Amino acid sequence: MESDVLIVGAGIVGCACARECALAGLRVCIVEDSVTGGGATAAGMGHIVVMDDSPAQFELTRYSRSLWQQLLPKLPRSAEYETRGTLWVAADEEEMVEVRAKHSAYGAGGVRTETLNEAEVAVEEPKLRAGLAGALLVPDDGVIYPPAAADWFLERALAIGATIVRGKAISANKGELRLADGTKLRGERIVLATGTDCSLLPSLPIKKRKGHLLITDRYPGFLHHQLVELGYLKSAHKLESDSVAFNIQPRRTGQLLIGSSRQYGDEDSKSDAAILTQMLERAQGYMPELAQVSGLRVWTGFRAATPDKLPLIGPAEGLTDDRTIWLAAGFEGLGITNAPAAARLLVDQMLGRAPEIDAAPYLPQRMTTQAALHA
Amino acid sequence: MPESITVLVNGMPVQIQAGSIVSAALLKAGEPCRLSVTAEPRTALCGMGICFECRATVNGVRHRRTCQMICCDGMVVESDR
Amino acid sequence: MKHADVIVVGAGPAGIAAATAAARHGRSVLLVDDNPGAGGQIWRGGIENFDKAGEKRDDPAKTKALKGLVSSGATLLSGFRVFDAPGPSQLRAIGETSEGTEVVTLRYDRLILATGARERFLPFPGWTLPGVFGAGGLQALVKGGFAVEGKRVVVAGSGPLLLAVAAHLHEYKASIACIAEQATTSQLAPFASSLLSHPSKVWQGISYRATLYKTPYRTGSWPISAMPNEATGLLKSVQLTNGNKTWQEPCDMLACGFHLVPNTELASLLNCKLQVGFVAVDEQQRTSVENVYCAGEPTGIAGLDAALIQGEIAGLVSAGQSASHLHSRNLAERRFGARLEAAFRLRPELRLLPALETIVCRCEDVTYEDLAARSSWTDAKLQTRCGMGPCQGRICGPATQTLFGWTPKSVRPPLFPVPVSAFCVHDSQQTVSEEIA
Numbered sequence: 003m004e005s006d007v008l009i010v011g012a013g014i015v016g017c018a019c020a021r022e023c024a025l026a027g028l029r030v031c032i033v034e035d036s037v038t039g040g041g042a043t044a045a046g047m048g049h050i051v052v053m054d055d056s057p058a059q060f061e062l063t064r065y066s067r068s069l070w071q072q073l074l075p076k077l078p079r080s081a082e083y084e085t086r087g088t089l090w091v092a093a094d095e096e097e098m099v100e101v102r103a104k105h106s107a108y109g110a111g112g113v114r115t116e117t118l119n120e121a122e123v124a125v126e127e128p129k130l131r132a133g134l135a136g137a138l139l140v141p142d143d144g145v146i147y148p149p150a151a152a153d154w155f156l157e158r159a160l161a162i163g164a165t166i167v168r169g170k171a172i173s174a175n176k177g178e179l180r181l182a183d184g185t186k187l188r189g190e191r192i193v194l195a196t197g198t199d200c201s202l203l204p205s206l207p208i209k210k211r212k213g214h215l216l217i218t219d220r221y222p223g224f225l226h227h228q229l230v231e232l233g234y235l236k237s238a239h240k241l242e243s244d245s246v247a248f249n250i251q252p253r254r255t256g257q258l259l260i261g262s263s264r265q266y267g268d269e270d271s272k273s274d275a276a277i278l279t280q281m282l283e284r285a286q287g288y289m290p291e292l293a294q295v296s297g298l299r300v301w302t303g304f305r306a307a308t309p310d311k312l313p314l315i316g317p318a319e320g321l322t323d324d325r326t327i328w329l330a331a332g333f334e335g336l337g338i339t340n341a342p343a344a345a346r347l348l349v350d351q352m353l354g355r356a357p358e359i360d361a362a363p364y365l366p367q368r369m370t371t372q373a374a375l376h377a
Numbered sequence: 464m465p466e467s468i469t470v471l472v473n474g475m476p477v478q479i480q481a482g483s484i485v486s487a488a489l490l491k492a493g494e495p496c497r498l499s500v501t502a503e504p505r506t507a508l509c510g511m512g513i514c515f516e517c518r519a520t521v522n523g524v525r526h527r528r529t530c531q532m533i534c535c536d537g538m539v540v541e542s543d544r
Numbered sequence: 211m212k213h214a215d216v217i218v219v220g221a222g223p224a225g226i227a228a229a230t231a232a233a234r235h236g237r238s239v240l241l242v243d244d245n246p247g248a249g250g251q252i253w254r255g256g257i258e259n260f261d262k263a264g265e266k267r268d269d270p271a272k273t274k275a276l277k278g279l280v281s282s283g284a285t286l287l288s289g290f291r292v293f294d295a296p297g298p299s300q301l302r303a304i305g306e307t308s309e310g311t312e313v314v315t316l317r318y319d320r321l322i323l324a325t326g327a328r329e330r331f332l333p334f335p336g337w338t339l340p341g342v343f344g345a346g347g348l349q350a351l352v353k354g355g356f357a358v359e360g361k362r363v364v365v366a367g368s369g370p371l372l373l374a375v376a377a378h379l380h381e382y383k384a385s386i387a388c389i390a391e392q393a394t395t396s397q398l399a400p401f402a403s404s405l406l407s408h409p410s411k412v413w414q415g416i417s418y419r420a421t422l423y424k425t426p427y428r429t430g431s432w433p434i435s436a437m438p439n440e441a442t443g444l445l446k447s448v449q450l451t452n453g454n455k456t457w458q459e460p461c462d463m464l465a466c467g468f469h470l471v472p473n474t475e476l477a478s479l480l481n482c483k484l485q486v487g488f489v490a491v492d493e494q495q496r497t498s499v500e501n502v503y504c505a506g507e508p509t510g511i512a513g514l515d516a517a518l519i520q521g522e523i524a525g526l527v528s529a530g531q532s533a534s535h536l537h538s539r540n541l542a543e544r545r546f547g548a549r550l551e552a553a554f555r556l557r558p559e560l561r562l563l564p565a566l567e568t569i570v571c572r573c574e575d576v577t578y579e580d581l582a583a584r585s586s587w588t589d590a591k592l593q594t595r596c597g598m599g600p601c602q603g604r605i606c607g608p609a610t611q612t613l614f615g616w617t618p619k620s621v622r623p624p625l626f627p628v629p630v631s632a633f634c635v636h637d638s639q640q641t642v643s644e645e646i647a
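Chains as they are written, first to last, in our numbering: chain A, 3 to 377; chain B, 464 to 544; chain C, 211 to 647.
If you are wondering where the hints come from, they were derived from the structure by calculation, not from laboratory data.
Bear in mind that the values here come from a model prediction, so they are computed numbers and not experimental data.
Glycine residues also receive a C-beta, built at the ideal position from the N, C-alpha and C atoms.
Just so you know, not all the hints are guaranteed correct.
Going by beta-carbon spacing under 10 Å, a handful of chain B positions derived as facing chain C [what the hints assert, rightly or not]:
#1 Asn473
#2 Pro476
#3 Gln480
#4 Ala481
#5 Val485
#6 Ile513
#7 Arg544
Examples of chain A residues lying across from chain C (beta carbon under 10 Å, computed) [stated by the list, open to error]:
#8 Gly39
#9 His105
#10 Ser106
#11 Ser296
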């Protein structure tokens, strides 16, 4: 029995794609080796955020955030969706200039924001240290618990005819997906949504970017919004070296999720004491009371990073001659945010539907053009 | 004979033998150490600092394990909510 | 930073024996324990129990061991809990007092893990009610000053611990309604007869029975629910069954635990190999990791004498001494341990005790119904938060293993919750190294 679409990987992106395909009437089968949402989906922060490190990223996150907002009434309680907003914190006047620039840029892009001065920030977040220059509030950003959301996407897809096969895919070739146990699945298209695992397509320009997170015990009322320091973008931009940037999120349980770190080249999932220290010291610098807060667990995860920091959504043209291979990969730190948009853009392309935003910046084939340009 | 000290449990003074653990003071006062996620009253279960059911706020610091903490005179203990 | 030739983690009987042996043979020894005083669980210190004559009760074995420790020259670091192994031959520990916290880095040439065991808790309707405690748990609380005089207590679950707890509570003037042991008499029989080959244990057994001669010891019986007083919400009675008949036992408290599970988390963090959930050791108590030894319950639940012998062996070997004269006793205690395990094996009915709405993960209030639909420990963790709370799965892990056959995945630091500031220890700050004498 042949599927219209075979999806490899039941992380949040794969599951969102499965649902979107099924809603469009496509016969879809999703293949997963382990636990739904068990990879980067479980390791990440669950931040739904509009990010403007490039116009294309801004468009994609803006669009995807609006799709999340449409999903909100349908999501189960276990997905813990909350519209907590994001506060981009400015430590000094130089960063405050960036705040005002962001305020204009977001406004021009149709995204609501507010600038706050030092006094207003202190009222919004009393536990932030004194002496900050101000902040940008993006009130419609959200927080979600990703594994539950992934599970919901999958469950919705299965309810309207999608199927799931548990097993490890070892090859994807001209519409045939082979699993480790010898099973062969056939599909008109094979979508690779496998995070940092490039074994099915070694030419994928995806590198692992290790991150650390710490979750605390419950401290209701400690934190109201997600906080990100403006230096976060500089950290996310660095292609080579290790960096940390302050990032903290309140969960519905009252627990705090503290991040963030980025490292290239370290493939070990063990936590790195030196960078963890740096990350937590930076966090304590912004919120001194964190020092005494009880930390329950530390873990690491691997973001999937592409050379231009934009994801690969569409046919894998240029990366392979096999016209059956499609990609929904390379989301770096925005996999949760961009999952619904990626799913929608993917299906738009499969059906020849006009997408609601320009899909060109995320097409995999740009990688060859760029490579040619840089040759 | 053993001396007795006073600790405050949720605002109520409790007399307890010196050297007692804080969980014992909460139990003597009939107060739970904490309320669970679904608001069930909970007290110490394992008595050895592993189950975390005995967490309470001691002298203003949340989530202290009271089964491994000795009472001091004047200590302020409140149930974790 | 503190450095010692030998660091021993856990100051229960095994740890005390290990530290004493190593220190007596000239090694600098640091014994680290998270309780306010040495003794572990079985020799837990606390509020002294005064008998009618106002005389302190004495446990001769414990007194002897503690005297030996003090005179050996080993250094005891109490109130510190190991939470990480940040580098080769390094441990990090935190001490929390009501004033504040202190983080210390410990360096060793040889490490002896004597981290003991904890009770296994199995969920059943009403087990989260106030008044329901662990068996060892209630004993610890009583030693810590919780008054049980005149209270009516049901002791239930499994293991020799139940007898020790009941006898101890009796000494503190509680009234023991009954002891309900889930193992059947026929399952226990080989163990009972093996006590004859271990004379000292027979005396222990006899002294328990002497204390408790009037208390019903019902084998093949287990609790099926703890019932509250509707008005107060406090425990009112426990419903027990033997598979045929069911009866109510009115009581003020229930002390319930289903035998012991080993504390192997630090060993796992150090990559020591486990076998059937216990730390694998050779006859010299060496683990699969060089210079790391393990003694006592983490290698197999085998009781006090096994812990003492294994601790002594580990201490001697870590100090470069021979321990071959202790091998035959060690073997004998291991055989005892095997019989202990067989005697107190859990019966299948215990898997069916929880109702759909019974809470299984107490940290996150996850019910049996929530978990029954999940496929593995990891799946349950991600979808229900089971195991994501501060106990890090130490309570619900063994429970879900019994209920569903799940095994938790690998261990990561911190081994216990610690304040965020505890992660921010710079190795440069630790260059001033204190040599343990």
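What hints, given by number in increasing order, does this structure fail? 1, 2, 7, 9, 10
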